[in-house]
Amino acid sequence: GAGVSQTPSNKVTEKGKYVELRCDPISGHTALYWYRQSLGQGPEFLIYFQGTGAADDSGLPNDRFFAVRPEGSVSTLKIQRTERGDSAVYLCASSSDRPLTKNTGELFFGEGSRLTVL
Amino acid sequence: AQSVTQLDSQVPVFEEAPVELRCNYSSSVSVYLFWYVQYPNQGLQLLLKYLSGSTLVKGINGFEAEFNKSQTSFHLRKPSVHISDTAEYFCAVQGYTPLVFGKGTRLSVIA
Chain A
1 GAGVSQTPSN
11 KVTEKGKYVE
21 LRCDPISGHT
31 ALYWYRQSLG
41 QGPEFLIYFQ
51 GTGAADDSGL
61 PNDRFFAVRP
71 EGSVSTLKIQ
81 RTERGDSAVY
91 LCASSSDRPL
101 TKNTGELFFG
111 EGSRLTVL
Chain B
119 AQSVTQLDSQ
129 VPVFEEAPVE
139 LRCNYSSSVS
149 VYLFWYVQYP
159 NQGLQLLLKY
169 LSGSTLVKGI
179 NGFEAEFNKS
189 QTSFHLRKPS
199 VHISDTAEYF
209 CAVQGYTPLV
219 FGKGTRLSVI
229 A
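Heads up: the protein sequence lines correspond to chains A and B, in order.
Following the numbering used here, the numbering of the first sequence begins with 1 at its first residue and continues without gaps.
Following the numbering used here, the numbering of the second sequence begins with 119 at its first residue and continues without gaps.
Note that these hints are calculated values from the structure, not bench results.
A portion of the hints provided could be inaccurate.
[To be verified] Beta-carbon label-pair distances, calculated as ranges:
#, chain 1, residue 1, chain 2, residue 2, range
1, B, Glu138, A, Arg22, 35 to 41 Å
2, A, Ser38, B, Ser144, 20 to 26 Å
3, B, Thr190, A, Gly16, 26 to 32 Å
4, A, Leu118, B, Arg224, 25 to 31 Å
5, B, Ser144, A, Lys78, 31 to 37 Å
[What the hints assert, rightly or not] Partial list, computed: chain B residues near chain A (C-beta under 8 Å):
#, residue
6, Ala119
7, Pro158
8, Leu164
9, Leu166
10, Pro197
11, Ile201
12, Thr204
13, Phe208
14, Pro216
15, Val218
16, Phe219
17, Lys221
Glycine included, every Cβ here is placed at the ideal spot set by N, Cα and C.
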């Protein structure tokens, strides 16, 4: 597609369940980012991929969160044993540039996946 | 590390009035600065960015921002707003890490 696609757009789950959120970046973009946006807050960085590898995962809050990008395109954010505090909108973005070299590339964001943990 | 402070969480303004959304940043290295906009039920999109050169940068939809290094600010302005400008606006900074965002300012344009 033309833009970044995220599925599902909405996910309601129960506390303790496992959740997967998918991101399909813009074709050809090598950099992929996950951010989390809680109510009333700005996007908070979680993890960044350059190609297939996680170049920076310093934003992942704990070991219940994990993300993969096995073929350097689609990425999946995985959350184990979900907690009510995980409720947020999870944003994915892609870019054609390398951020850790102070690139000037624009990030293109998807519409997000809204996760609600009951 | 970098951080961003958006001084106003909400800004109501009448249609056709001017508006300024304030942003201050903190960084130990030189940075690039961005403003993103999020319309209701849509993803974030880039309004404008400062990389180098002229400190006054122009973006889409008539917005502009001025980089002030001495005051570590990057305030966003528009001389005359429209109803369609109602949205959430995020200031962001990039040093040697991925983008760091402020908490956002909700601009509400009143007819």
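Verification of the supplied hints:
Taking 35 to 41 Å as the suggested C-beta distance range, the pair Glu138 of chain B and Arg22 of chain A conforms, at roughly 39 Å. Judged by the Cβ atoms, the range 20 to 26 Å given for Ser38 of chain A and Ser144 of chain B holds: they are separated by roughly 21 Å. The beta-carbon spacing between Thr190 of chain B and Gly16 of chain A, approximately 44 Å, falls outside the hinted interval of 26 to 32 Å. Taken as a hint, the range 25 to 31 Å holds for the pair Leu118 of chain A and Arg224 of chain B, whose Cβ atoms sit roughly 27 Å apart.
Between Ser144 of chain B and Lys78 of chain A the beta carbons are some 33 Å apart, a value that agrees with the proposed interval 31 to 37 Å. Interface restraint check for Ala119 of chain B: the shortest CB-CB distance to chain A comes to about 10 Å, outside 8 Å, so the restraint is violated. For Pro158 of chain B, the suggested interface contact is broken, since its CB lies about 11 Å from the closest CB of chain A, more than 8 Å. Annotation: interface hint on Leu164 of chain B holds; nearest CB of chain A at approximately 5 Å, less than 8 Å.
The beta carbon of Leu166 of chain B is not positioned within 8 Å of any beta carbon in chain A (closest approach about 10 Å), and the interface hint is therefore violated. Annotation: interface hint on Pro197 of chain B violated; nearest CB of chain A at approximately 25 Å, more than 8 Å. Proximity of Ile201 of chain B to chain A is violated relative to the hint, the smallest CB-CB distance being about 22 Å (cut-off 8 Å). Interface restraint check: Thr204 of chain B against chain A, minimum CB-CB distance 17 Å, threshold 8 Å, status violated.
Satisfaction of the interface hint for Phe208 of chain B is found here, the shortest Cβ-Cβ separation to chain A being roughly 5 Å, below the 8 Å cut-off. Taking 8 Å as the C-beta contact cut-off toward chain A, the hint placing Pro216 of chain B at the interface holds, the least distance being around 5 Å. Checking Val218 of chain B against chain A by beta carbon gives a least distance of about 7 Å; that is within 8 Å, so the hint holds. Taking 8 Å as the C-beta cut-off, the interface hint given for Phe219 of chain B holds, the closest approach to chain A being about 4 Å.
Interface restraint check: Lys221 of chain B against chain A, minimum CB-CB distance 5 Å, threshold 8 Å, status holds.
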